[in-house]
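2 protein chains.
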Amino acid sequence: MASRTIRIGLIGYGVVGQGIVQLLSDNAATIEGRLGAPIEIRRVVARSPDKVREIEPPEGTLSFDPDDVLNDPDIDIVVEVVGGIEPAKSFVQKAIESGKHVVTANKALLAEHSELIEFAESKGVDLYFEAAVAGGIPIIRLLREAFSSDRIIALRGIVNGTSNYILSRMTVAGLEFEEALREAQEKGFAEADPTLDIGGGDAAHKLTILTTLAYGARLTPDRIPTTGIEDVTAVDIHFANRFGYVIKPLAVARALDGGKLDLRVHPALVRRGSVLASISGALNAVYVEGAMLGPCLTSGLGAGALPTAMSVVSDIVDVGRNLLVGAHGRVPSRAFQGEHLKDMEVQDPGDHRCHWYLRFTVRDRPGILARIAGVLGASTVSIEQMVQEGIGQDDGPVVVVMLTHTSLERNLMGALEEIATLDDVVEPPMALRIEED
Amino acid sequence: MASRTIRIGLIGYGVVGQGIVQLLSDNAATIEGRLGAPIEIRRVVARSPDKVREIEPPEGTLSFDPDDVLNDPDIDIVVEVVGGIEPAKSFVQKAIESGKHVVTANKALLAEHSELIEFAESKGVDLYFEAAVAGGIPIIRLLREAFSSDRIIALRGIVNGTSNYILSRMTVAGLEFEEALREAQEKGFAEADPTLDIGGGDAAHKLTILTTLAYGARLTPDRIPTTGIEDVTAVDIHFANRFGYVIKPLAVARALDGGKLDLRVHPALVRRGSVLASISGALNAVYVEGAMLGPCLTSGLGAGALPTAMSVVSDIVDVGRNLLVGAHGRVPSRAFQGEHLKDMEVQDPGDHRCHWYLRFTVRDRPGILARIAGVLGASTVSIEQMVQEGIGQDDGPVVVVMLTHTSLERNLMGALEEIATLDDVVEPPMALRIEED
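Protein sequence lines, in the order shown, are assigned to chains A and B. Numbering follows my numbering, with no gaps: position 328 of the first sequence is 330. Numbering follows my numbering, with no gaps: position 289 of the second sequence is 291.
Bound-form chain A, shown alone (with noise of 0.2 Å):
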């Protein structure tokens, strides 16, 4: 094996970038050991001098300025844990440009960025990113290289860990949403601003990069029907309960017949005791059906300094590894070679049929079911199980909850409509989607 070093400057120097020097002065022998070469840390770009930081970078490595490693012709690998948009997206196609292999954990940018992925290609570099999704499921090695001979029919994940914290909680302790929120704000599961989390966001990013490798679809974000779980009461997850199931915050890709995709970001009920029903807390899961595989499942932590810094420099190791061989591209970033992404129809929602969960918050009235029932009915929705716990108190509202049978969204939408302007319908309907896997 060439006797060599494989050089890298980190671009980033949050607690991301900081796991990932620990890492490597940590384990350099079992990495050395691995990869045949040592790996040096050449140089570490933080975003000021002041900040306080619990890990020193090696001597000498330390610089404010990303082209201390962009123009450096020593480096050999680029890695970006500077996260968001800008100035990322510069630094990353730099690095392209230059001829430098690329590892980053950034999300945001490649869900946003898909031509990045193929620039890299054109340029004949590698550009691997593990951390991106889910940092401590090595979900996106096992689309591009070991399910690779597979037709992936189906993958659903829970890919956001603060939603699911806020659901477990929601589901063992009892709490309502807020406080939940509150607690995984306290823990640390959960940033200051929430939205990115809780409305499906994030979800819809890591979905967009997960799609984008096991159909080779061309995508971005937006074109994800998304729904977060801030709407989700203590009250549906009773009844979800009662009914046998849990709630939990999903991310679905589907191939469909005739070459649409079905994508969805949306608080989905499942199945108690199925697999991704025991996902519980901050764990994230991705669950992917292969045609010739069946199920396979993956979980582990979704996000965190130091999971997220394994995926990282796992990558490291394995562009450290086609570097010593000269083997750059040797699996092709979007995992199919010979031809571009493919611009693929998403289904539109409407479109879509599943069973459903409705939750009517109605006054006790003589015939207020009856009309709710033809309402669903004129629209071709039928009721499969249907409950009301309690009776209304001095004229108070009751909550009714009804389970359908498989129904098409456009027709059970268009009937919610309807019956939220109904007399003694007091709040909006609830409608959550079962996912049956």
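The hints are simulated quantities; they were obtained by calculation from the structure and are not laboratory data. Take the hints with a grain of salt, since some may be wrong.
Said to hold, decoys possible - Computed footprint of chain B on chain A; a stretch qualifies when at least three of its residues, placed anywhere within it, have a C-beta under 8 Å from a C-beta of chain B:
1) 151-158
2) 359-372
Unchecked claim - Some chain A residues judged to face chain B by a derived CB distance under 10 Å, without partners named:
3) N29
4) R143
5) G328
Claimed, not checked - Listing some non-contacts, in silico: residues in chain A with all C-beta distances to chain B over 10 Å:
6) R49
7) G85
8) S100
9) E132
10) E147
11) L308
12) I318
13) R332
14) G352
15) C356
16) S384
17) E386
18) G416
Backbone N, C-alpha and C fix where the C-beta goes; we use that ideal spot for every residue, glycine too.
Knowing the structure of chain A, use the given hints to seat chain B on it.
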């Protein structure tokens, strides 16, 4: 990308061999897209012309002489799915000798002869074997690549689908061992001679391979303390459940301080609600705990023609990618580069410490429990919980179950030997380890 064809020769044409031919035909376009070259099956070697085959090999490829593959200079990759030690070993050796790359699904061969892994490396050829352990779980790739930057603290697997099916059916349907075994045989989940599966031998083979990759250890299966599931009864399942546990067939490898390995194959109690407890039926799972990664579980089908064929073909694609860019040996077969496999010490089972589940069948006479507790206490085994259900009828035996505090296996086994000789103890005591993750 070089415009060439990857040429394979398939030795072995049972269900897996036929699955490989089917998959290469069904998914030819996808695979070519992902690999960047077509894969040609140049020769298929079956054992006998008389055997009924569901999938016909490509025209003109059928042969009954392995040398038609081994001596064909145009064949790049030999795919060995014969199984067993000989003649498979000779085929693999000869292939490696003549510089051919090898993909195999043969766990017994690799477990008994890890020197083949070193031999392939010394010859600079790729030896890939994803399908050898848990067909539908890409654990080999995870250990060799995804977790290459991390230190594996422990690895716990359910790697024998037959044993898991039997214990699951005993748990869910309340069957006795013999009934569950018969059902597994009827459903094709157990062989006519199930010894290797239920006795733990198959799991020990797989654990040997996983340990080689996770720790770079040179090992043979006979060094792994192995207990089968044959002695687990419906009564044990019942009491385990009562204490909040499920009995699972585990294979465990742990790195101990001081460089020893704790290796074990045995049925064990795992906490209900834990990830391994949720792996039921014929599913397999491997739970890896990395120093940085934290916990990562992968579950899927452990066997079956199609998942196994999928793993074999993904290996062919990976070796093909190496061929196209001339990167053989890019990832060392043994995960570690630059040093040979290490001889590592395996902990004496007597030195293992854990909580224990104990079942005693005794005549319901005054003082018997005191005597049992006395013997345990004298061996420094202390009782955490105890339960006796029902009372003896007409002097018939009763069952007493205990959970112990953490105890040394050597002490416990000594005590159990003595207890077995006591008057009023009518059956040999049953002891099962409790595995906490």
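We went through each hint and held it up to the structure:
1. 151-158: Result for this restraint: holds, n = 3.
2. 359-372: Result for this restraint: violated, n = 0.
3. N29: 6 Å, holds
4. R143: 5 Å, holds
5. G328: 7 Å, holds
6. R49: Correct as stated: the minimum Cβ-Cβ distance to chain B is 24 Å, above 10 Å.
7. G85: Answer for G85/A: holds, closest chain B Cβ roughly 20 Å.
8. S100: 22 Å, holds
9. E132: 7 Å, violated
10. E147: 6 Å, violated
11. L308: Answer for L308/A: violated, closest chain B Cβ roughly 4 Å.
12. I318: Check fails; 7 Å does not lie beyond 10 Å.
13. R332: About 5 Å separates R332/A from the closest Cβ of chain B, which leaves it inside 10 Å; violated.
14. G352: 30 Å, holds
15. C356: 24 Å, holds
16. S384: 32 Å, holds
17. E386: 26 Å, holds
18. G416: 39 Å, holds
Checked against the numbered hints given earlier, this structure breaks hints 2, 9, 10, 11, 12, 13; the rest are met.
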